Amino acid sequence: MSNEKHVVKLLEGRRVYLRPPETEDVPLLYRSFYHPEVRRLTGTTQMLSVEGMENWLEKVVKDESRLFLLIVDQEKDEVMGDIELLDMHQVHRSAWIRIALHREEYFGKGYGTEAMHLMLNHGFHSLNLHRIELEVYDYNHRAIRTYERLGFRREGVRREGLFHNHAYHDVILMGLLAHEYEFPGEVKDYQK
1 MSNEKHVVKL LEGRRVYLRP PETEDVPLLY RSFYHPEVRR LTGTTQMLSV
51 EGMENWLEKV VKDESRLFLL IVDQEKDEVM GDIELLDMHQ VHRSAWIRIA
101 LHREEYFGKG YGTEAMHLML NHGFHSLNLH RIELEVYDYN HRAIRTYERL
151 GFRREGVRRE GLFHNHAYHD VILMGLLAHE YEFPGEVKDY QK
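The sequence shown: position 115 = 115 (full-length UniProt numbering), numbered continuously.
Calculated directly from the structure, the hints in this document are not laboratory data. A hint or two may mislead.
As the list claims (entries may be wrong) - What follows is a set of in silico ranges between Cβ atoms, one per label pair, in the way DEER data are often shown:
1) LEU48 x HIS164: 30 to 40 Å
2) HIS130 x LYS76: 32 to 42 Å
3) ALA167 x GLU54: 16 to 26 Å
4) LEU48 x ASN165: 16 to 26 Å
5) THR23 x ALA167: 31 to 41 Å
6) VAL50 x VAL157: 35 to 45 Å
7) HIS89 x VAL157: 31 to 41 Å
8) GLN90 x ARG31: 28 to 38 Å
9) SER65 x THR45: 16 to 26 Å
Said to hold, decoys possible - Simulated crosslink set (BS3-like; lysine-lysine; CA at most 25 Å straight-line):
10) LYS9 x LYS59
11) LYS109 x LYS9
12) LYS109 x LYS76
13) LYS9 x LYS62
14) LYS109 x LYS62
All values reported here derive from a predicted model rather than from experimental measurement. Glycine is no exception: its CB is placed at the ideal position from the N, C-alpha and C atoms.
Modelling step: build the complete structure from the supplied sequences, incorporating the hints.
As structure tokens, then:
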């Protein structure tokens, strides 16, 4: 029997692929959960122990209204971040999306954009979603520009909805409809 582990590349792009998390990923997720810049950009205030992270991951993986995947560098086979469709609603055919790159060295290089394209394409074309929405904080200018390039439109603002670093910040609500989205390339289908 081989000790070689088979990696499921659920969604595959040119530079990144998205795969389901494994129990072995908990330490990495735990470290990124406490990375100061990741917490600032995601607005995370919650505190978890390693055991709490394990329990959270187990719950998320079992939740049919969520699709939580890890973003992995194709070349290095290194986990770079995570992306998730959540609160998927079958009647309204809608969902929220969120993304987090785990280290600053990955920021601004197109990895997040490619991962978003993979997940949006999957959401609209495979999961038959009609609408995908997100929240972004007013100080995250890079993300706002990226979301607008992806086709998201600003739909509203929760004024001073986030308190961070001794100041209130606006929460920008953005949405994208299936007919507004254009996928720029091909996605490799998962092969067993």
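Verification of the supplied hints:
1. In this structure the hint that LEU48 and HIS164 lie 30 to 40 Å apart at CB is violated, the actual value being about 19 Å.
2. Range check, HIS130 to LYS76: Cβ separation about 36 Å, and the 32 to 42 Å hint holds.
3. Take ALA167 and GLU54: their Cβ atoms lie about 34 Å apart, and the range 16 to 26 Å is violated.
4. Judged by the Cβ atoms, the range 16 to 26 Å given for LEU48 and ASN165 holds: they are separated by roughly 21 Å.
5. Between THR23 and ALA167 the beta carbons are some 38 Å apart, a value that agrees with the proposed interval 31 to 41 Å.
6. Distance hint for VAL50 and VAL157: a CB-CB separation of about 36 Å, consistent with the stated range 35 to 45 Å.
7. At roughly 23 Å, the beta-carbon separation of HIS89 and VAL157 lies outside the given 31 to 41 Å, and the hint is violated.
8. Taken as a hint, the range 28 to 38 Å holds for the pair GLN90 and ARG31, whose Cβ atoms sit roughly 35 Å apart.
9. For SER65 paired with THR45, a C-beta distance near 23 Å keeps the hint of 16 to 26 Å intact.
10. Restraint check for LYS9 and LYS59: satisfied, since their Cα atoms lie roughly 22 Å apart, inside the 25 Å limit.
11. Of the pairs offered as hints, the one joining LYS109 and LYS9 holds, with about 21 Å between alpha carbons and a cut-off of 25 Å not exceeded.
12. In summary, the hint linking LYS109 to LYS76 is supported, as the alpha carbons are separated by about 15 Å, within the 25 Å threshold.
13. At roughly 19 Å between alpha-carbon atoms, LYS9 and LYS62 fall within 25 Å of each other, so this suggested pair holds.
14. As the CA atoms of LYS109 and LYS62 are separated by approximately 32 Å, the hinted pair breaks the 25 Å bound.
The earlier numbered hints that this structure contradicts are 1, 3, 7 and 14.
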